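**Student:** Mind docking chain B with the ligands on chain A? Use the hints.
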Amino acid sequence: MMSETKEKIAASAAETMPLETMTGAQMVIRALKDQGVSHIFGYPGGAVLPIYDALFEAEGIEHVLVRHEQGAAHAAEGYARSTGKPGVLLVTSGPGATNAVTGLTDALMDSIPIVMLSGQVPTHLIGTDAFQECDTVGITRPCTKNNWLVKHVNDLSRTIHEAFEIATTGRPGPVVVDIPKDIQFQSGSYVGPRGLHHRTYRPRTDPDAAAITQAVAMMAVAKRPVFYTGGGIINSGPQASQLLRELVDLTGFPVTSTLMGLGAFPASRPEWLGMLGMHGTWEANHAMHDCDLMICLGARFDDRVTGRIAAFSPGSKKIHLDIDPSQINKVVRTDLGIIADAGKAIAAMIAAWKSGGHTKPDISGWWDQINRWRGRKSLAFKHSDTLIKPQYAIDRLYQLTRGRDVYVTTEVGQHQMWAAQRFHFEQPNRWMTSGGLGTMGYGLPAAVGVQVAHPDALVIDIAGEASVQMTMQEMSTAMQYELPIKIFILNNEYMGMVRQWQELLHGGRYSHSYSEALPDFVKMAEAFGCLGLRAEKPAELDASILEMINTRRPVLFDCRVDPMENIFPMIPSGAAHNEMILGDLGEAEVSAAGKTMV
Amino acid sequence: MLYEKDTGTTVRESHTITVLVDNEAGVLARVIGLFSGRGYNIESLTVAEVDPAAHTSRITIVTSGTPQVIEQIEAQLARLVPVHKVNNWTSQEGGIEREMALVKVAGSGDAPMKALRLADTFRARTVDTTQSSFVFEITGAPAKINAFIEELRPLGLIDVSRTGVAAMSRGPEAM
Ligand SMILES: Cc1ncc(C[n+]2csc(CCOP(=O)(O)OP(=O)(O)O)c2C)c(N)n1
Ligand SMILES: [Mg+2]
Chain A
0 MMSETKEKIA ASAAETMPLE TMTGAQMVIR ALKDQGVSHI FGYPGGAVLP
50 IYDALFEAEG IEHVLVRHEQ GAAHAAEGYA RSTGKPGVLL VTSGPGATNA
100 VTGLTDALMD SIPIVMLSGQ VPTHLIGTDA FQECDTVGIT RPCTKNNWLV
150 KHVNDLSRTI HEAFEIATTG RPGPVVVDIP KDIQFQSGSY VGPRGLHHRT
200 YRPRTDPDAA AITQAVAMMA VAKRPVFYTG GGIINSGPQA SQLLRELVDL
250 TGFPVTSTLM GLGAFPASRP EWLGMLGMHG TWEANHAMHD CDLMICLGAR
300 FDDRVTGRIA AFSPGSKKIH LDIDPSQINK VVRTDLGIIA DAGKAIAAMI
350 AAWKSGGHTK PDISGWWDQI NRWRGRKSLA FKHSDTLIKP QYAIDRLYQL
400 TRGRDVYVTT EVGQHQMWAA QRFHFEQPNR WMTSGGLGTM GYGLPAAVGV
450 QVAHPDALVI DIAGEASVQM TMQEMSTAMQ YELPIKIFIL NNEYMGMVRQ
500 WQELLHGGRY SHSYSEALPD FVKMAEAFGC LGLRAEKPAE LDASILEMIN
550 TRRPVLFDCR VDPMENIFPM IPSGAAHNEM ILGDLGEAEV SAAGKTMV
Chain B
0 MLYEKDTGTT VRESHTITVL VDNEAGVLAR VIGLFSGRGY NIESLTVAEV
50 DPAAHTSRIT IVTSGTPQVI EQIEAQLARL VPVHKVNNWT SQEGGIEREM
100 ALVKVAGSGD APMKALRLAD TFRARTVDTT QSSFVFEITG APAKINAFIE
150 ELRPLGLIDV SRTGVAAMSR GPEAM
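Here the protein sequences line up with chains A and B, keeping their order.
When the first sequence is numbered by numbering that gives the first Met the number 0, its final residue is 597 and no position is left out of the sequence of numbers.
When the second sequence is numbered by numbering that gives the first Met the number 0, its final residue is 174 and no position is left out of the sequence of numbers.
Next comes chain A alone, as it looks inside the complex:
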C-alpha cells in the first residue's frame, strides 16, 4: 500500500526532476553519493552481493572492510560523532545484521546518527526460513529510531533519503534500511533527495519564546545556579558549544557535564566543574545537590547522573531543554521544559538575556562554596614510584599529547572513567565513548571510524585489557587501511569496574573478574603488523608514550597499571549526590536497595 503513495510522490517529483532508470544496487550507491557519503563501513555476504558489485565500480565512495559487523557499527558511530555527519554501514542478511545490533543499540542510547543498509533474502523467500534469513526489521525495531523493509524497487531511493533525514534530524539516532536481494537486481526509477520530506516527521527545533523568557527570568534571580550540559549540545553542532561559552560569559554560572557532553565546554575555563554523576567530581555533584536553579541543556537525567531520584537536587528549580519531548518529566519533574534544538535555544537565551538588560548576577557566595568543594581535590591520588597508577598514566598521556590534534575513544570500565575525569577537552566532537549502553569493545572500532574521518589526527583508544579483547580483530582493519590508531590499554589484569563493585558490594569475592590467560599484547600487536609497546614502571612511561605518538602506524600499548586501584569519587548505587565516597574515606556504605541497582 505504501508503495502506491510513494510512487505518486515520486511521480510528482518527476515533474521537476528527470527520473533515471537503474538497478536497485546502483540506486543504493547513487543515493549514498547524493547524501554526501564518502565512506562506508561494511562486510559482504550473499544478500548484499549486488550492492558490492555496484560498489566495485563506484568512484567517490570508499568502503572500509571491517572484521566483524559490530565493528562496522561502532566505526560508523566514531565517524559520526567526530564529524557531525552520519555514519554508514553495509551488512549482509542474517548474521551480518544480527552482529550489528549492539552497535545500533549503542547509537540509539547515545543519539548517534548512523544508517545501516542490510541485505535481505529475496522477497519471495521472506518468511520461509531461507538461508541467512532473519527478521531484520523485527530484530532492529526496538534499537532504531525507524527502520524499513523495501519491497518495491521504486520505493528504494526515496526510503534511503528518508532514512538519512530521520537519522540526522531531531534527536539523531540509528536507522536501518533492509533491502531484499531481488530488489537490488531489479530496475526502477531513481529519485534524488531534493525536495523530499517525510510525511509525518517534523521534529521541533525552535524554542517557545515564552519559555525562553521564563528561563532567563529564572536565571536572572538564581543565587546558586548550575548548567548541567549533555550530548545534546554536541549533537546540535559546534555552534551550540560556542553559544554555550557565550551564555556562560554572560551569566558567570558554573558548568558541569555528563559523560556524553564532555568537550562542549572547555575544561580549562574557570567555570568548569568537571564531570558529574556516579564518578563525577566532588564539586560538580555537590553543586548539583545544593543548587537553587538547575539548567539542564541537552541531557536526560540518566540514573548514572542522578543517583537516588528521591534525593536528587531536592532544593532546586529545574529547567530542562531537550529536542525530544519525551525526555521532559521522564525521570525528574521539571519546573520548565523547553523543547528545541540546543543551539537554537541557547542562542535565544543569549538574546533574551541581553534584551532583558540582565548583567552578571552576583553569585560570589555560591562560588566561594564551590571553591571550598574544589579544595577537597576529589580526583587526587597517591602516586607510586614502583607501580604505574592508572590516573598517572592518563595524566601523562594527556600532558604528552597536548597541543596535538587529538581524538579519544574509550572502552568501558574504570579506564573509561579515569579518562573522562582526567583527559580534558577544549572542543566538542573529540571524545567518543559508549555512555548509555556501556559497550565494552566500542573504543577500538570507533577509533577506526574516527581515523578514517581524520587521517592526520592522533586518535587514541583508551582501553581496558578485557574490553579490548571484544573487538580486537579490528586491528587488522587499521592495518589494511593504514589507520595509525593508538590503543592505550590500562592493563590492570581485571575487569576493574566489576572487581571494584565486587570489592564494595560483594565482600571482595572476585567472581570471574580476573583477566586470566591474557594474551601477550606486544606479540599480538606484532602478529597484526602493528607496533607493540609495554610500560611497567612509572619511569619508563613517558618515553614509551612518546614513541607511541611518534609512530605513524597502529600501536597497541600495554600499560601495566596497579591492579587494585579503584575509581573515585563514587556515588554508590542508590545514594544521593552528597553521599559520594572518596578513595580515602574507607568502606562504602551501600543500602540493601542500592545493591539491587545496576
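If you're looking for bench data, these hints aren't it; they were derived computationally from the structure.
All figures in this text were calculated on a predicted structure; none of them were measured in a lab.
C-beta atoms are modelled at their ideal positions from N, C-alpha and C, and glycine is treated no differently.
Keep in mind that the hints are not guaranteed to be accurate.
[Claimed, not checked] Under the rule of at most 20 Å between Cα atoms (straight-line distance), these lysine to aspartate or glutamate pairs were calculated in the DMTMM-like manner: (1) A:K329 x B:E12; (2) B:K84 x A:D323; (3) A:K150 x B:E23; (4) A:K329 x B:E150; (5) A:K594 x A:D561; (6) A:K329 x B:E73.
[To be verified] To spell it out: a stretch of chain B is covered by chain A in this simulated footprint if at least three of its residues, at any positions, have a beta carbon under 8 Å from a beta carbon of chain A; those stretches are: (7) 27–35; (8) 66–74; (9) 80–87.
**Tutor:** For chain B with the ligands alone, coordinates are given in the frame of chain A:
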C-alpha cells in the same frame, strides 16, 4: 518505579489514547513494542485503516498507569516516526468511547430466558438463537459492557468477544 517515589503519586488510572499513524508495514509492531519494551500496560487495542487515500490507520489503546506514566506514554508515542497525532480522550472533556461485544449464553431451564430479558434491558441485540443458546451484540461504553457480562455470568455465559474501544471527540472538530 523511581518516578512514583519522586512525586508520591501512585494511583493508577485507565486512559484511552488514540494514535493516528501512517499505515505502513511494522507501524503497529512499533507501537506495541513501545508498550512491552517500556513496561506499559495494554488493556485493549483497536486498529483499522481509516483513510485509504491518505494511508492512515487509527490505533486506539486503553492503558493504565500513574499520571506520570500516562504522560510518558503519550510523549513516547508522539515521537515515533510514523505517528501523525496522539490524543488522550480520558484527560480531555467530552471524548466518546464505544465498544462492541458479542456474548454467548447457553444452558437449559429458565436461565436463557432471563438472559434474554437482561439483554433487552441493556439494549443488546440478539443475533443468533438456538434451542439452548443466544448470541447477543451489545454496544456501549466499556463499563456498560462489563456490567452486562457480569450479570450474564450466572446465566450461562460461555463466550465473550470484545472489539476494544473506539473513541472520538464530541462537537464539530476532528481528532
Ligand atoms: C559487552 C559488555 N559486557 C559486559 C559489561 C560489564 N562490564 C562493565 S565494565 C567491565 C569490565 C571492563 O574491564 P576492562 O576492559 O579491563 O576495564 P577496567 O574496568 O579494568 O578499566 C564489565 C565486564 C559491559 N559493560 N559490556
Ligand atoms: Mg581491566
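**Student:** So which of those numbered hints doesn't the model satisfy?
**Tutor:** Going through the list in order, the structure violates hints 4 and 5 and respects the others.
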